[in-house]
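Student: Sequence:
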Amino acid sequence: MGIERNVSKPKGKVYGESKKNRRKQRKTTVVQKLYETCKEVFADCGPGVVPSPDKVERLKVVLDSMTEVDVGLRPDMTFFKATTGGEIPRITYLHLYDCEKFSIGIFCLPPTGVIPLHNHPGMTVFSKLLFGTMHIKSYDWVGNGPDAMALNADPLEEHPSGVRLAKVKVDSEFTAPCNTSILYPADGGNMHCFKARTPCAVLDVLGPPYCDPEGRHCQYYMDFPFTKFSVVNSIIPVPEEGRAGYAWLEERDRPKDVTVVGEVYSGPKIAEK
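Going from the sequence shown to my numbering is simple: count from 1 and add 33.
Some hints here could point you the wrong way.
To be verified - Simulated restraints on C-beta separations:
1. LYS66 <-> CYS211: 35 to 45 Å
2. VAL294 <-> GLY118: 10 to 20 Å
3. THR292 <-> ASP204: 22 to 32 Å
4. HIS128 <-> PRO246: 12 to 22 Å
5. THR260 <-> ARG287: 42 to 52 Å
6. ARG107 <-> VAL293: 19 to 29 Å
7. VAL102 <-> THR260: 24 to 34 Å
8. ALA304 <-> CYS251: 24 to 34 Å
Claimed, not checked - Below, computed lysine-lysine pairings styled on DSSO-like, alpha-carbon distance capped at 30 Å:
9. LYS72 <-> LYS202
10. LYS202 <-> LYS289
11. LYS134 <-> LYS88
12. LYS202 <-> LYS134
13. LYS306 <-> LYS66
14. LYS302 <-> LYS72
15. LYS302 <-> LYS88
16. LYS170 <-> LYS134
17. LYS88 <-> LYS200
Bear in mind the hints are in silico, worked out from the structure with no lab data behind them.
From a predicted model like this one, the values you see are computed outputs, not experimental measurements.
Note that beta-carbon positions come from the ideal geometry of N, C-alpha and C, so glycine has one too.
Required output: the full structure, derived from the provided sequences and hints.
Tutor: See the structure below:
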């Protein structure tokens, strides 16, 4: 039908353009769609600014459908092989894209690999488990909402030991395929850690990305049971049955027993627009 609508043009040229357009359509990968969706979703966002609910859902729908095949990964690749002889599992990071608005990358974890407890200051983060089984534990600081009121707690108050009170948001095992996990600047589990039960790949979208000059640097934490420290000042005891839902977090230096190395991403490429 394209030829009939362009009868005044040489048939060869029309056929060539039509064939080129068809090739272009076939080359629109899921990774490209992810990039283009991120551009739209984070266009008007910045530190601490969360995309609107409808935009969050749009990006979530794209990520929910993705698997390791879409990014050119296989569980039998070197990244995911178990270590031997007591070696600390090495985590591999594959960089797909970054700009001032967002970044896209993949963490590849071998069995027992750990990404320690860390935060995402001012960020909205989408994490999609592409394959494998992992345990995720996440926390939010006790804030000005019902949690703080129930505890009679000042959200900015530190315990004399230097720890701060946080509430457990997630403490569960996940196996792909599963829905995308979303965390926000002040809730949703802004501080989280991953522990691989099997070889795993996690696709992360950060909006905006970490940026040391702008104060968005990654901070690491140790977590302690609520009962580890005595209650002081305005923070009152939590009922026995609720204590498992709270913990004390203490900032720490980057753990020395964690190795994250960058490798070249070899999956479908992103064409910037």
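Student: Are the hints correct? Go through all of them and say.
Tutor: Consistency of the hints with the structure:
1. LYS66 <-> CYS211: 35 to 45 Å: The hint (35 to 45 Å, Cβ to Cβ) is violated, given that LYS66 and CYS211 are roughly 20 Å apart.
2. VAL294 <-> GLY118: 10 to 20 Å: 19 Å Cβ-Cβ, so the 10 to 20 Å window holds.
3. THR292 <-> ASP204: 22 to 32 Å: Because 25 Å falls inside the window, the suggested range holds.
4. HIS128 <-> PRO246: 12 to 22 Å: Holds, at about 19 Å.
5. THR260 <-> ARG287: 42 to 52 Å: 28 Å, violated
6. ARG107 <-> VAL293: 19 to 29 Å: 21 Å, holds
7. VAL102 <-> THR260: 24 to 34 Å: 46 Å, violated
8. ALA304 <-> CYS251: 24 to 34 Å: 29 Å, holds
9. LYS72 <-> LYS202: 29 Å, holds
10. LYS202 <-> LYS289: 26 Å, holds
11. LYS134 <-> LYS88: Judged against 30 Å, a Cα distance of about 15 Å means the pair holds.
12. LYS202 <-> LYS134: 26 Å, holds
13. LYS306 <-> LYS66: 12 Å, holds
14. LYS302 <-> LYS72: Measuring from Cα to Cα gives roughly 16 Å; hence the hint holds.
15. LYS302 <-> LYS88: Given that 30 Å is the threshold and the Cα spacing comes to 24 Å, the pair holds.
16. LYS170 <-> LYS134: 26 Å, holds
17. LYS88 <-> LYS200: It holds: about 27 Å lies between the C-alpha atoms, which stays within 30 Å.
Checked against the numbered hints listed earlier, the structure breaks hints 1, 5, 7; every other hint is satisfied.
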